[in-house]
Every structure is written in C-alpha cells, then in structure tokens.
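Enquirer: Here is what each chain is made of, one letter per residue.
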Amino acid sequence: MGVAEYTIKRTIQAVAVVYVVATVVFIAIRSVPGDPARLILGGDADADAIAAMRRELGLDQPMYVQYFRWMSDLLRGDLGESIYTGEPVIGRIVGAAEPSVSIAVVGICIAMAVAIPAGILSATRQNGWEDYVATLVSFLSISMPAFWIGIVLILVVATRVDAIPSYGYTPISEGIRPWLLNILLPSLAVGLPYAGIISRMTRSSMLDVLSQDYMQTARAKGIPPRAALLKHGLQNALMPVVTVAGILFALLLGGIVAVEIVFGIQGFGRLLIRSIERQDFPIVQGSVIIVSIIFVFMNLVVDLLYMSINPKVRYGGES
Amino acid sequence: MATDHRPQDGWLHTSIGRLAQLKQAVSGDPKAIFGLGVVTVFLLAAILAPELAPHDPMAQEFGIMDPPRIVGIDAHPLGTDSYGRDLLSRIMFGARISLGVSLGAVSLGALVGVSLGLLAGYSGGWIDDLLMRFVDVTWAFPWLLVAIMLVAIFGQSVWNVVFAIAFAYIDDFARITRSEVLSIREEEYIAAAKNIGVSDRDIMLNEVLPNAVAPLIVQFTVLVARAMLAESTLSFLGVGVKPTTPTWGALLGQGRGLIEQAWWISIIPGILIVITVLGINLFGDSLRDAFDVQQGESV
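Chains as they are written, first to last, in this note's numbering: chain A, 1 to 319; chain B, 1 to 299.
Hints in this document: simulated from the structure, not taken from any laboratory.
Among these hints, one or two may not hold up.
[Stated by the list, open to error] Short, incomplete list of chain A residues facing chain B, as computed with Cβ under 10 Å: (1) Gln13; (2) Val17; (3) Met144; (4) Ala146; (5) Arg200; (6) Gln285.
[What the hints assert, rightly or not] Computed beta-carbon distance windows for the label pairs: (7) Asp129(B) with Gly77(A): 28 to 38 Å; (8) Ser31(A) with Ala192(B): 42 to 52 Å; (9) Leu155(A) with Leu52(B): 27 to 37 Å; (10) Glu174(A) with Ser157(B): 36 to 46 Å; (11) Ile127(B) with Thr23(A): 13 to 23 Å; (12) Ser157(B) with Arg76(A): 31 to 41 Å; (13) Leu207(A) with Leu52(B): 36 to 46 Å; (14) Ser72(A) with Ser199(B): 47 to 57 Å.
[Claimed, not checked] If you want the ones that stay clear, here's a sample from chain A, every Cβ over 10 Å from chain B, calculated: (15) Phe68; (16) Asp78; (17) Ile83; (18) Thr159; (19) Thr217; (20) Gly222; (21) Leu229.
Note that the coordinates shown come from a computational prediction; the quantities given were computed from them, not determined experimentally.
From the three backbone atoms N, C-alpha and C, an ideal C-beta is built for every residue, glycine too.
Using the sequences and the hints given, assemble the complete structure.
Expert: This is the structure we're talking about:
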C-alpha cells in the first residue's frame with residue numbers, strides 16, 4: 001500500500017470513528033432523564049410554555065428528523081447553543097480553551113525540557129546513581145495525581161512566594177510575565193507526571209539505540225562518544241519519544257480539568273464541570289465531540305508523521 | 001486420538017511455566033518486593049477495615065480539624081476532618097472503594113478487551129476489521145467525558161466510575177491480545193491442534209490465550225495503577241461516587257479548601273495514593289523486566 005492510499009484509508013477511518021462517536025453522543029444525551037425544555041424554563045413553567053419551547057428546540061419532531069438535523073448542523077460546525085446563556089457552544093468552548101491550552105503547552109514544554117536530558121543521562125549512565133535517582137523520580141512523578149501535585153505546590157510554593165499566585169488566570173494578551181506566573185504552578189502539576197513518562201521512554205529508547213550496530217560502528221571508527229551520541233544516537237532515540245509525546249497530549253485532559261479546579265482557573269475544565277452541574281447538555285455533548293476529534297486526528301497525524309520519518313514501518317501495519 | 005486430546009493440559013502447563021517465571025521475578029527484585037508489600041498491606045487494611053478501624057468512619061463526634069495526634073484519649077493518628085470524623089478510619093474504609101474500583105474496572109476492561117482481541121486476531125478478515133474499528137471508537141471517547149455522561153444519565157454511583165475506566169482500557173487489552181494472537185496463530189502447534197479437530201473456541205482459550213498472558217499481566221498491573229489515579233481524579237471532581245462516600249480522591253477533595261488550616265485532610269490521602277500507585281507501578285515494571293515485554297511502556 002502506498003503512502004497516499006494509506007493516508008486516505010486512515011483519514012476515512014478517522015472520520016468514521018468521529019461519526020460513530022457523535023452518533024453515540026446523540027443517543028446518550030437523549031437518554032438523560034429530564035426535559036431540556038423544562039430545564040430552560042424552570043420547574044414551575046406551565047405546560048403550554050413547555051410545549052412551545054419543545055417546538056422551538058425541535059424536540060417535538062420524530063427522532064430520525066432530530067438526528068438528521070443534528071448531523072447537518074454538526075457538519076456545518078454548529079454544535080447548538082448553551083441552554084442557560086444561549087451562546088453558541090463552539091464559542092463557549094473556544095473561549096474557555098485559552099487557559100487550558102496554555103497549561104498543556106507550557107506543561108509539556110517543561111516536561112520535555114526536564115525529561116529528555118534526564119532520560120539520556122539515565123541511559124548513558126545505566127545502573128549508576130544518576131540512573132537510580134532519575135528512575136525513582138520518574139516513577140514517583142507518574143504515581144501522583146496531577147491535581148494533588150497542584151495542592152502540594154500551592155501549600156509549598158504559593159503560600160511562601162508572593163510573586164507566584166495560587167489562583168486565577170491572566171490572558172496572554174495582558175503580558176507574557178503575568179500570564180506565565182499564573183500558569184506556572186498548574187503547568188508544573190500537569191507536566192510532572194508527563195515528564196516521568198517521557199523520561200522513562202527516552203531512557204528505554206536510548207538504551208535500544210546505544211546497543212545498535214551503527215553506534216558500535218561509530219565507536220569503532222573512532223568518533224568521540226559524545227559526538228556519536230549526539231549525531232546518531234539522539235536523532236534515532238527521540239523519534240518514538242516525540243510521537244508518543246503527541247499522543248499523550250490527549251491524555252493530559254483529565255489532569256488539566258482537575259488542575260484547573262484546584263487553581264480556580266476558568267478554563268475548559270471549569271466549563272465542563274459547571275455544565276454538568278447545571279445539566280447544560282449542548283455544551284457537554286459539544287465538548288465530547290470536539291475532544292474526540294482532537295484525539296482521533298492527533299493520533300492520525302502522529303501516525304502519518306511516524307510513517308514518513310521511518311519508512312521501515314509497514315503501511316497498514318498489524319498493530 | 002482426537003478425542004483423547006485434553007487442551008487443559010496445555011493450558012495448565014503454560015500457566016505453571018508463567019507462574020514460575022513470576023515467582024522468580026518477584027523473589028530477587030527490590031522493586032517487586034516493595035510493590036507487592038505495599039499492595040498487600042493496603043489490601044489487608046481495606047479488607048479488615050471493619051475490624052481494624054479505630055472509629056466509625058461516619059461518626060461526627062470528635063473535635064473538628066484536630067491535627068494528627070498519636071497519644072492521649074483524643075488520639076487520631078491522622079487527625080480529623082472538617083466534620084469531626086476520624087481520618088484514619090475514613091481512609092481505611094476508603095481504601096475498599098479506591099482499590100475495589102480500580103481492580104474491578106481493569107478486570108472488566110481486560111475481560112472485554114481480551115475477548116475482542118482474541119476474536120479479532122484469530123478470525124481475521126471482516127470480523128477483525130469490524131471489531132478493531134469498534135475498539136477505535138472506544139478509544140476515541142475521552143474517559144473523563146464517558147464518566148461525565150454516565151453520571152448525567154444514571155446519577156452518581158460507584159458503577160459509573162468502574163464502567164468509565166473499564167471502557168477506557170478496552171483498547172489497550174484488545175490491541176495487545178490481537179497482536180500476540182497474530183504471532184501465535186502461525187505456530188505449528190496451532191495447526192496441529194486444528195488438524196486433530198480441536199474446536200476454534202478451545203484453541204483460542206487453551207492454546208492461544210495462555211501464550212499471550214505475559215504482556216497482559218504487565219498491562220493489567222500498569223493499568224491498575226492508572227485506574228487508581230483516574231478514580232481519584234473522578235472522585236475529586238465530584239463526578240464519581242456520591243460525595244459522602246469516603247474514597248481517597250473524595251477525601252482529598254474535601255480537604256482542598258482547608259489546605260492552610262488543616263493540611264492533613266488533603267495531603268495524607270494524597271500520600272497514600274502516591275505510595276499505592278508507586279508500589280503497583282514498580283511491581284509492573286519488575287514484571288516487565290522479568291517477562292521481557294515491550295508493550296505497556298507508556299505508563
């Protein structure tokens with residue numbers, strides 16, 4: 001199978017997966033007990049008003065009509081409106097995304113900056129004390145809930161250092177410094193477990209590369225170890241790390257949602273939790289769909305990138 | 001001859017071989033000893049909570065937010081919470097739910113995932129395609145949002161948490177099982193078993209599955225650790241069990257707003273989560289070394 005053919009096949013599969021997810025969400029939301037019309041109007045609304053609201057929302061239509069209308073809205077990027085504020089769902093989600101994306105990106109940057117050197121050190125000094133320390137710290141960090149790290153950071157850092165706030169968020173448009181100070185602790189909380197995973201991966205990938213023939217050859221040719229490591233080793237070792245780093249991006253979600261709650265940040269997580277509490281289902285279903293689209297296509301891009309960097313990987317491979 | 005074939009022998013033999021490997025792995029490795037020790041202690045504390053816990057976990061009869069104190073009549077080794085309940089007792093009862101939910105969820109995910117993977121890998125063709133696309137769909141649902149939707153539909157309960165986490169792990173088990181099956185399927189003894197008329201079902205369960213067991217055990221361990229973190233996150237967010245249920249995540253969440261007055265309410269359950277998850281992770285890593293398994297690397 002050629003590259004183009006493979007790309008097309010995988011893209012169609014990805015679209016199909018998202019379609020099924022959206023359909024399941026449609027069915028699931030309609031299984032939720034309670035009438036959205038009654039939710040909007042409040043408990044003491046009279047029957048006529050509720051009937052009128054049901055008509056307005058299209059809930060009096062047969063299920064298949066609702067389904068087609070919902071799907072065609074979805075295809076046009078219309079995820080409906082919030083039950084409470086009437087704002088478009090997509091606008092609410094995009095509006096709440098900035099703090100969440102900031103935390104994710106800064107968290108990943110911190111994690112990579114710490115974890116990749118730690119992993120390399122761990123591999124090149126295998127079974128030395130550096131390796132043991134790095135291994136212990138990595139295992140500790142992957143064993144901590146991100147939100148708990150956040151609580152500990154508030155207790156240890158924010159209550160002592162005045163410059164670092166423990167609460168809220170400043171948009172990046174109001175200056176890099178206040179923005180960064182505000183998201184520093186949340187990013188650390190999200191990034192630390194991530195760093196543990198990346199450093200373990202870097203270590204095992206690096207150990208793998210160090211035992212390869214071309215590294216032996218480089219050594220035999222008299223290339224200094226450091227140069228061989230940088231030129232041949234690192235490039236090959238980091239490839240799987242970077243691709244997995246991409247997939248893990250999606251896995252950060254749970255951590256980010258809880259960390260936002262800890263730091264009182266009005267991001268995507270807050271929006272989500274608040275929408276559930278208020279039974280604002282259009283926002284909940286919109287969030288599920290958007291997150292799965294990001295999930296599926298991120299994975300697709302990572303896969304395709306991996307294949308294009310490493311032609312040895314078989315197209316349509318068995319895994 | 002065909003009727004004399006007892007597939008159970010093969011299964012037993014392979015399983016015993018695996019167990020011997022397991023024992024060897026555990027006996028020499030400090031990581032495994034630490035991990036097993038931690039898990040055993042916490043499991044015992046959870047099982048024996050009604051016997052061992054010093055107080056009723058629901059009784060609100062003590063001083064409010066008493067700091068940890070080991071001696072004296074008002075001794076609460078881990079302090080009390082904002083309702084005057086004994087934290088140690090709550091933590092011991094909470095361990096039942098936190099450990100039970102994690103083990104239950106991963107077992108359920110394993111049951112479904114392994115079945116799907118076996119069937120897909122062994123059947124091949126369109127069945128394989130269909131099942132693996134289903135697995136793709138389960139994978140594409142963010143677990144947190146699955147949990148949230150379940151709570152929205154069915155209300156708060158322990159089962160939502162179990163189902164949401166199990167759902168998230170189906171794809172891990174299915175993919176590993178399938179890829180193991182694909183490599184085992186071509187072995188000669190499978191062809192031999194087919195020739196003497198062993199049914200597909202028996203071949204799958206008695207010949208193929210035991211040989212795929214090593215990576216599955218490793219994956220199981222790693223995912224139990226991850227499930228504990230997921231459970232604590234859900235309870236913390238209030239998406240999981242009822243707020244009155246003392247899971248470790250929920251206990252931690254209740255102490256969050258009181259961090260400056262009563263650090264122990266959120267810090268101590270957190271430390272216990274970390275120790276438990278660390279123990280399971282180290283044990284899993286030791287198993288991975290012993291079985292020489294590549295999969296499940298991403299913790």
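Enquirer: Should the hint that Ile127(B) and Thr23(A) are 13 to 23 Å apart at their CB atoms be regarded as holding?
Expert: holds (22 Å)
Enquirer: Range hint 47 to 57 Å: satisfied by the CB atoms of Ser72(A) and Ser199(B)?
Expert: Since the Cβ atoms of Ser72(A) and Ser199(B) sit about 49 Å apart, the hinted range of 47 to 57 Å holds.
Enquirer: Closest CB-CB distance from Gly222(A) to chain B, is it above 10 Å?
Expert: Holds, because the least Cβ-Cβ distance between Gly222(A) and chain B comes to about 33 Å, which exceeds 10 Å.
Enquirer: With 27 to 37 Å as the target window, see if Leu155(A) and Leu52(B) comply at their CB atoms.
Expert: holds (30 Å)
Enquirer: Against chain B, is Met144(A) within 10 Å by beta-carbon distance?
Expert: holds (5 Å)
Enquirer: Does the CB of Val17(A) sit less than 10 Å away from some CB of chain B?
Expert: Interface hint status for Val17(A): holds (5 Å vs cutoff 10 Å).
Enquirer: Would Thr159(A) pass as off the interface with chain B, using Cβ distances and a cut of 10 Å?
Expert: violated (7 Å)
Enquirer: Has the hinted range 31 to 41 Å been met by the Cβ atoms of Ser157(B) and Arg76(A)?
Expert: holds (37 Å)
Enquirer: Does the Cβ distance between Glu174(A) and Ser157(B) fall inside 36 to 46 Å?
Expert: holds (43 Å)
Enquirer: Hint says 36 to 46 Å; check whether the CB-CB distance for Leu207(A) and Leu52(B) agrees.
Expert: For Leu52(B) against Leu207(A), whose Cβ atoms are near 44 Å apart, the range 36 to 46 Å holds.
Enquirer: Please settle this one: Leu229(A) was flagged as non-interface, so is its CB more than 10 Å from every CB on chain B?
Expert: holds (22 Å)
Enquirer: If you check the beta carbons of Asp129(B) and Gly77(A), does the distance land in 28 to 38 Å?
Expert: holds (30 Å)
In this structure, only the earlier hint numbered 18 is contradicted, and the remaining ones agree with it.
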